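Residues per chain are reported as follows:
Number of protein chains: 2
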Amino acid sequence: MADVAAPTELQVTTGPIRGSRKIHVGPLNVAMREIVLDPSCDEPPLRVYDPSGPYTDVNARIDIMAGLPELRRDWIVGRGDVEQVAQREVRPEDNGQLGPDRSGGVQPFPNVRKQVLRAKPGANVSQMHYARRGIVTPEMEYVATRENLGREQLIGHIRDGQDFGASIPDYVTPEFVREEVARGRAIIPNNINHPESEPMAIGRNFLVKINANIGNSAVASDVAKEVDKLVWSIRWGADTVMDLSTGRNIHDTREWILRNSPVPIGTVPIYQALEKVGGIAEDLDWEIFRDTLIEQAEQGVDYFTIHAGVRLPYIPMTAKRVTGIVSRGGSIMAKWCLAHHQESFLYTRFEEICEIMKAYDVAFSLGDGLRPGSIADANDEAQFAELHTLGELTKIAWNHDIQVMIEGPGHVPMHKIKANMDKQLEACGEAPFYTLGPLTTDIAPGYDHITSGIGAAMIGWFGCAMLCYVTPKEHLGLPDRDDVKVGVVTYKLAAHAADLAKGHPAAKMRDDALSRARFEFRWRDQFNLSLDPDTAEQYHDQTLPAEGAKTAHFCSMCGPKFCSMKITAEVREFAAKQNQSADSFLAASILPHSGAAGEVASRSDDGGGLAPTTTPEAEAGMAAMSDIFKQTGSELYIGAAGRERD
Amino acid sequence: MADVAAPTELQVTTGPIRGSRKIHVGPLNVAMREIVLDPSCDEPPLRVYDPSGPYTDVNARIDIMAGLPELRRDWIVGRGDVEQVAQREVRPEDNGQLGPDRSGGVQPFPNVRKQVLRAKPGANVSQMHYARRGIVTPEMEYVATRENLGREQLIGHIRDGQDFGASIPDYVTPEFVREEVARGRAIIPNNINHPESEPMAIGRNFLVKINANIGNSAVASDVAKEVDKLVWSIRWGADTVMDLSTGRNIHDTREWILRNSPVPIGTVPIYQALEKVGGIAEDLDWEIFRDTLIEQAEQGVDYFTIHAGVRLPYIPMTAKRVTGIVSRGGSIMAKWCLAHHQESFLYTRFEEICEIMKAYDVAFSLGDGLRPGSIADANDEAQFAELHTLGELTKIAWNHDIQVMIEGPGHVPMHKIKANMDKQLEACGEAPFYTLGPLTTDIAPGYDHITSGIGAAMIGWFGCAMLCYVTPKEHLGLPDRDDVKVGVVTYKLAAHAADLAKGHPAAKMRDDALSRARFEFRWRDQFNLSLDPDTAEQYHDQTLPAEGAKTAHFCSMCGPKFCSMKITAEVREFAAKQNQSADSFLAASILPHSGAAGEVASRSDDGGGLAPTTTPEAEAGMAAMSDIFKQTGSELYIGAAGRERD
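Chains as they are written, first to last, in the UniProt record's numbering: chain A, 1 to 646; chain B, 1 to 646.
For the record, the hints were derived by calculation from the structure and aren't laboratory data. Quick caveat: nothing in here was measured; it's all calculated off a predicted structure. One thing to keep in mind: the hints can contain errors.
[Stated by the list, open to error] No more than 25 Å apart at the CA atoms, straight line, and that leaves these computed lysine-lysine pairs for DSS-like:
| hint | chain 1 | residue 1 | chain 2 | residue 2 |
| --- | --- | --- | --- | --- |
| 1 | A | K395 | A | K320 |
| 2 | B | K395 | A | K418 |
| 3 | A | K395 | A | K418 |
| 4 | A | K423 | A | K395 |
| 5 | B | K418 | A | K423 |
| 6 | B | K395 | B | K418 |
| 7 | B | K395 | B | K423 |
| 8 | A | K418 | B | K320 |
| 9 | B | K423 | B | K320 |
[Claimed, not checked] Distance ranges between label pairs, derived from CB positions:
| hint | chain 1 | residue 1 | chain 2 | residue 2 | range |
| --- | --- | --- | --- | --- | --- |
| 10 | B | A60 | A | D380 | 40 to 46 Å |
| 11 | A | V58 | B | V58 | 57 to 63 Å |
| 12 | B | D534 | A | R91 | 20 to 26 Å |
| 13 | A | D380 | B | V25 | 55 to 61 Å |
| 14 | B | I294 | A | S40 | 44 to 50 Å |
[Claimed, not checked] To give a feel for the contact side, a few chain A residues facing chain B, derived at Cβ under 10 Å:
| hint | residue |
| --- | --- |
| 15 | I23 |
| 16 | Q115 |
| 17 | H157 |
| 18 | D160 |
| 19 | T441 |
| 20 | A457 |
| 21 | A513 |
| 22 | D541 |
Don't be surprised by glycine CBs; every beta carbon is placed ideally from N, CA and C.
The following block holds chain A by itself, in its conformation from the complex (with noise of 0.2 Å):
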């Protein structure tokens, strides 16, 4: 193992996307992509959000071996509420070297900091505890700037969508981000000591945002497969990825991740406990708990996944499930629970949990372990009665200025859907949902990003602020980098629709900017202003591979005879000619569409021949038309002649 994670064979993807290029806005150097369109358009570039970091960025020199800039140290320490402290050492079983099948090894990262931050004491770092005092931070403003992207274009635009109550603002104001976060209705997750990432928001508000899971297990994958999937992952569009490794080598497969990720890294550290303990549930304590909760806030973690909500009593409403209980991390504490016949120490240490917390600003993502995992568990008693508690335990996070995040479902039918996104809100106090899919039905194993893409992108548009991705390999195996894209881009297409029918602001410039490009045959921007440019030109060119049927007005579905896009072309082309407007058209055509419905009824009444009454006015108009038609050129193939023969 040890080699797959050498320098050489430290491989990861670099370079804009085609027909993107980067660029940093405002004062803090916002970055996004703006795409650039054919000149025949004379459109502007068209800005779209980009979590992509410097791996996209032709001026930057990537190092995966340093690391990447600190791009938020100096904003960190300028608030002098932090102070430095030796890094907890590393200890053999925090890379999992007990118990059996601990062979092997990897490389630790080679620029390790050996002091870290954490606040002075009785301090609190989390941008919710600022937010309260009224200060906007850095991070809020770069926020502010990062969701605007298009919008002042915007001004006075007429809102079209149905947002179930969202306040959504025309206009993003670093004051309107720190007002999100200070009610906990958004959280931006970054830990002091993840000064790498650049900042972001989590909020039903804000762009519905999406995360990613990578990992590995004692079964599968390495941590070189693992860093390109993150750069990988973030290059098609994850805001935030998880770390679920497993089995061997946690720590220093984190330590490589958070070092070279610009976006937020969460965790659930639940799975580093046990292996601690050898994979024995039972063995856990709050000790060992604690003690992971520090080595990873220390490394930088942004948000911990934590299944407080996995009470006792509420393990026996499992049961009678088809699928019992499918979370990990909830499974493992229940089985905590029944061992012991105690309560989770996670709910009962809770307080103790927030201390850490505020130390590191590490945001709580409370953990669904009692989800359903089939469509006969859904929104059963066991998960509304967790629910329940993890809103008792936002609200215990809030006394503490903690930045919280609700994980939801899972497995969910989608007439049962917006129940599940009502509950929450009301539960929880409009703490951001964080859902997996959910999955719309069970029985597609394959195409469970599609399954599970249904119901994320209806949940979405219900109010979920962060959409976790599920890949084609969901129940079957673990992603690979295939995988890994196609769950990233159907995961963006759905954040997206769901952007769309909440009527964000600006989410519908880049449909419509693609749907020019699609209708003027500008093939080349209908590919970069698409979320996936390269596969989009590869399944074009299966068929019309020649360079120049990329400027064809037809493609390879129709035929050059067919395009009815070239075909409306000239109908307008025609139209225009005519130089009159639609009213006049109408006067001039046989029958206004309020007379047809009374047309029809008579002519099915006597069912009698079909020749439509008319006008003297309305054939003389009839007549006139016909004759600017012939003197315009007989077809009508006025312009796209040429091109057709070519």
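Starting from the structure of chain A, add chain B where the hints point.
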């Protein structure tokens, strides 16, 4: 081209889907698929709907050169209302041997019928006509048996779903089918000259159906490929197939497809009519179109897409659109209307078209020639003006006892989908709706099976009767074999998600069976119960190829230690050992859920420690539990332990 259609080249996929066998049920030998499960689960085989025809029947002899057996021939002739007539002679222009780009050709189907069937003078052979006269046809009986599947096992089963006013019966009787067809709420498309087809129903109160589009264009594809795509698409679940061939050899291609298709075949006759006039829309006229309808009706086409709602007055309404008119048929007719400045002959001759339809029982699929081609154009004036006219035409067709369904969009953001369904039901008197997606965003070419699968699942839930698939190649190129499969499976899962959400009886049986298999680590059953067993197993084997892994109680996602399902099983096993009810368990636990809120409240008020207060009884109960637990073998790996150390 000629040789590609030669017998030796005509290869189609035959044999059962893995883990399944073809069965024939009842006196009419209704074809179904049965998935056989592992004996260990002691569950009966699961019956699933199966449109794949004889191709998946090990006992069937397949001869593409001869075509399929004429299942319905005796039923049709037995009604005594048809006569045999000489088939219209094939003319060169039928295969588009006119104008440019007409080189090459296709071998004619060797087993063409010389004699075809037609209604006796004055007779009407449509299923709707029989239904309205109170006649229950064998076709209706076949449909009833086919739709029921496992429903009889569910008597007294409580409906779980939201059907938005549909009238889904617990059990489908032939009389129910007759009523639905009589009132126009369902259609059974089966031309009397396509006796090879197995009757199926399209209607809001039946299972949601899906359509796959195939067909060559002047640019790509050939007959051998199209016949293969036909068989391939129904293998994975396509309920009907549309032959959208353009360019040359349209007539012969269609003959090959019809004679070998067990599912209804739909076409867009205007495509062939246009070929007959060398591709010049303005040269189209009623006589050529009428001749094409008869030609195709005699061949056995089951439903015609006819864009009779594209009226002259509506064309200017498209002038301001971002993507104008995207329907091929719609744009052809718009061009014709503008050129002649006359009302569409499809509209003015509609009753004459009805006379042809009723003589062969061809169903109308009233085309939405003005459907939106982009998010920007969704639900606009042109779209709904046409829908209003389609409603008028539906009533005219119903006056002739002709079966009708209505085509719908297209590109629609999620918040505008329900309005499409509601307006269609209202405008068209609940005639079946048949939509293309809709795509919920424009920005993901290459993934439009997914952007549209989201919209398809939603509108299917709202009441859409049939979903026209979209493949990954949509907007980019002609789908190949793999694209067809991905499109079909995506739409099958969308249709099934819709049936689930509607609370369709028996739909959930398959989800539950698969979830039980998943929970019990019956990997083979999980694969076989899925929509695509081949892909599911292949994905699983990519990380765990060993045959032993097929029975392993874990997968590569989590590895042996972490499998939550395994741990849950152990938790359940342990709980069972206590042989106590959930209630007594709760009594013994530290606090009932009802008390938790208060506890947390007080806790968060004083901000004190979290040690929960317990009663002596509770403590005693816990102690007892722990003892029993330890006796049953410390770490709970009962039974599974041996396996795990393998």
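Outcome of the hint check:
1. A:K395 / A:K320: violated, 31 Å
2. B:K395 / A:K418: Since the Cα atoms of K395 (chain B) and K418 (chain A) sit roughly 37 Å apart, the hinted pair is violated (cutoff 25 Å).
3. A:K395 / A:K418: With a Cα-Cα distance of about 23 Å, the restraint between K395 (chain A) and K418 (chain A) holds, given a limit of 25 Å.
4. A:K423 / A:K395: Holds, at about 16 Å.
5. B:K418 / A:K423: holds, 23 Å
6. B:K395 / B:K418: holds, 23 Å
7. B:K395 / B:K423: holds, 16 Å
8. A:K418 / B:K320: violated, 36 Å
9. B:K423 / B:K320: Distance of about 23 Å is within 25 Å: holds.
10. B:A60 / A:D380: 40 to 46 Å: Given a distance of about 45 Å, which is inside 40 to 46 Å, the answer is holds.
11. A:V58 / B:V58: 57 to 63 Å: Given a distance of about 59 Å, which is inside 57 to 63 Å, the answer is holds.
12. B:D534 / A:R91: 20 to 26 Å: At roughly 46 Å between Cβ atoms, R91 (chain A) and D534 (chain B) fall outside 20 to 26 Å, so the hint is violated.
13. A:D380 / B:V25: 55 to 61 Å: violated, 35 Å
14. B:I294 / A:S40: 44 to 50 Å: holds, 46 Å
15. I23: Since the shortest Cβ distance to chain B is 19 Å, the answer is violated.
16. Q115: violated, 32 Å
17. H157: violated, 13 Å
18. D160: holds, 8 Å
19. T441: holds, 5 Å
20. A457: Holds. Min distance 5 Å.
21. A513: For A513 (chain A), the interface hint holds, since the closest Cβ of chain B sits about 9 Å away, which is under 10 Å.
22. D541: holds, 8 Å
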